[in-house]
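*Asks:* So the protein lines, in turn, are chains A and B. Residues in the first sequence are numbered from 1 upward in steps of one, following my numbering. Residues in the second sequence are numbered from 1 upward in steps of one, following my numbering.
Just so you know, the hints here were simulated from the structure itself, not pulled from any lab data. Owing to the predicted nature of the structure, the values given are computational and were not obtained by experimental measurement. The beta carbon of each residue, even a glycine, is placed where N, CA and C say it ideally should be. There may be inaccurate statements among the hints.
To be verified - Straight-line Cα separation of at most 25 Å, DMTMM-like style, residue types lysine to aspartate or glutamate; simulated pairs: (1) A:9 to B:85; (2) B:57 to A:32; (3) B:17 to B:63; (4) A:22 to B:101; (5) A:9 to B:44; (6) A:65 to B:101.
Said to hold, decoys possible - With the C-beta cut set under 8 Å, the calculated list includes, among others, these residues of chain B facing chain A: (7) 33; (8) 42; (9) 43; (10) 45; (11) 48; (12) 56; (13) 91; (14) 98; (15) 99; (16) 101; (17) 102; (18) 104.
Take a look at the letters that make up each chain.
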Amino acid sequence: AQRVTQPEKLLSVFKGAPVELKCNYSYSGSPELFWYVQYSRQRLQLLLRHISRESIKGFTADLNKGETSFHLKKPFAQEEDSAMYYCALASYSSASKIIFGSGTRLSIRP
Amino acid sequence: GAGVSQSPSNKVTEKGKDVELRCDPISGHTALYWYRQSLGQGLEFLIYFQGNSAPDKSGLPSDRFSAERTGGSVSTLTIQRTQQEDSAVYLCASSFEWNTEAFFGQGTRLTVV
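Could you put the whole structure together from the sequences, leaning on the hints where they help?
*Replies:* So this is what it looks like as structure tokens:
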């Protein structure tokens, strides 16, 4: 079964420290993976997708097929990075859809 | 409008009443999703539409929940005989294709008292 796992519900780091939000997936085939972010009182929005290979707001995510992971990283956290982050998988199946993980709340301490 | 629009923004209803939540997707988007976000919880998948058909209804919590989409556009999520555990934020999203960027509405906050 297709599944997205975000093991951390809450991650708290100091400003300027590195950040890594973990995401593991279960999927047979070539996955399409995304990170979505929800800032306080804003809509959920796309942060980045793996096929774009972009760095958005200093964040990057590398797909590791061997470890079935798509961790989100940023070398130096900023206070404005505090938000809820969701990892998502586009699932090719008889009923294709986007599956979201349970989310990780990132809190950046000053 | 430019984005996904949901109405109402807030809904308070008495236990046992029926409610209808509406989603207006971005024009031209074929895929439409409903999710539920409970306090402190992640996104719970409810149902997915491709055009007017729903290939995946597996996330609907019970037969009190139903949804439809007409004209490949507007979708309505109906909850019958609401229960307190139905209280949550209901999010709608649409995308051009099922595996492209999903655009979310602002959500409907449902409170069952």
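*Asks:* Hint by hint, note whether the structure agrees.
*Replies:* Structure-based check of each hint:
Straight-line distance between C-alpha atoms of residue 9 of chain A and residue 85 of chain B comes to about 21 Å, which keeps the hinted pair within the 25 Å bound. For the given pair, residue 57 of chain B sits about 22 Å from residue 32 of chain A by alpha-carbon distance, which is consistent with the 25 Å threshold. For the hint pairing residue 17 of chain B with residue 63 of chain B, the CA-to-CA distance comes to about 15 Å; that is within 25 Å, so the pair holds. Between residue 22 of chain A and residue 101 of chain B the CA atoms are separated by roughly 21 Å; this keeps the pair inside 25 Å, and the hint holds.
Distance check on the hinted pair: residue 9 of chain A and residue 44 of chain B sit about 15 Å apart at the alpha-carbon level, within 25 Å; holds. Between residue 65 of chain A and residue 101 of chain B the alpha-carbon distance is near 22 Å, which keeps this suggested pair within the 25 Å criterion. Among the interface hints, the one on residue 33 of chain B holds; its C-beta lies about 7 Å from the nearest C-beta in chain A, closer than the 8 Å criterion. Taken as an interface hint, residue 42 of chain B checks out: its beta carbon lies about 3 Å from the nearest beta carbon of chain A, inside 8 Å.
Because the closest C-beta pair between residue 43 of chain B and chain A is about 4 Å apart, less than 8 Å, the hint holds. The interface hint given for residue 45 of chain B is met, as the beta carbon of that residue sits about 7 Å from the closest beta carbon of chain A, less than 8 Å. Taking 8 Å as the C-beta contact cut-off toward chain A, the hint placing residue 48 of chain B at the interface holds, the least distance being around 4 Å. Residue-level restraint check for residue 56 of chain B holds (minimum Cβ-Cβ distance to chain A is 4 Å; threshold 8 Å).
Checking residue 91 of chain B against chain A: minimum C-beta separation of about 7 Å stays under 8 Å; hint holds. Contact between residue 98 of chain B and chain A, as hinted, is supported at the beta carbon level, the nearest pair being about 5 Å apart and thus within 8 Å. A hinted interface residue such as residue 99 of chain B counts as satisfied when its beta carbon comes closer than 8 Å to some beta carbon of chain A; here the least separation is about 4 Å, so the hint holds. The closest approach between the C-beta of residue 101 of chain B and any C-beta of chain A is roughly 5 Å, which is under the 8 Å cut-off, so the hint is satisfied.
For residue 102 of chain B, the interface hint holds, the least distance from its beta-carbon to any beta-carbon of chain A being 6 Å, beneath 8 Å. Residue-level restraint check for residue 104 of chain B holds (minimum Cβ-Cβ distance to chain A is 4 Å; threshold 8 Å).
Checked against the numbered hints given earlier, this structure breaks none of them.
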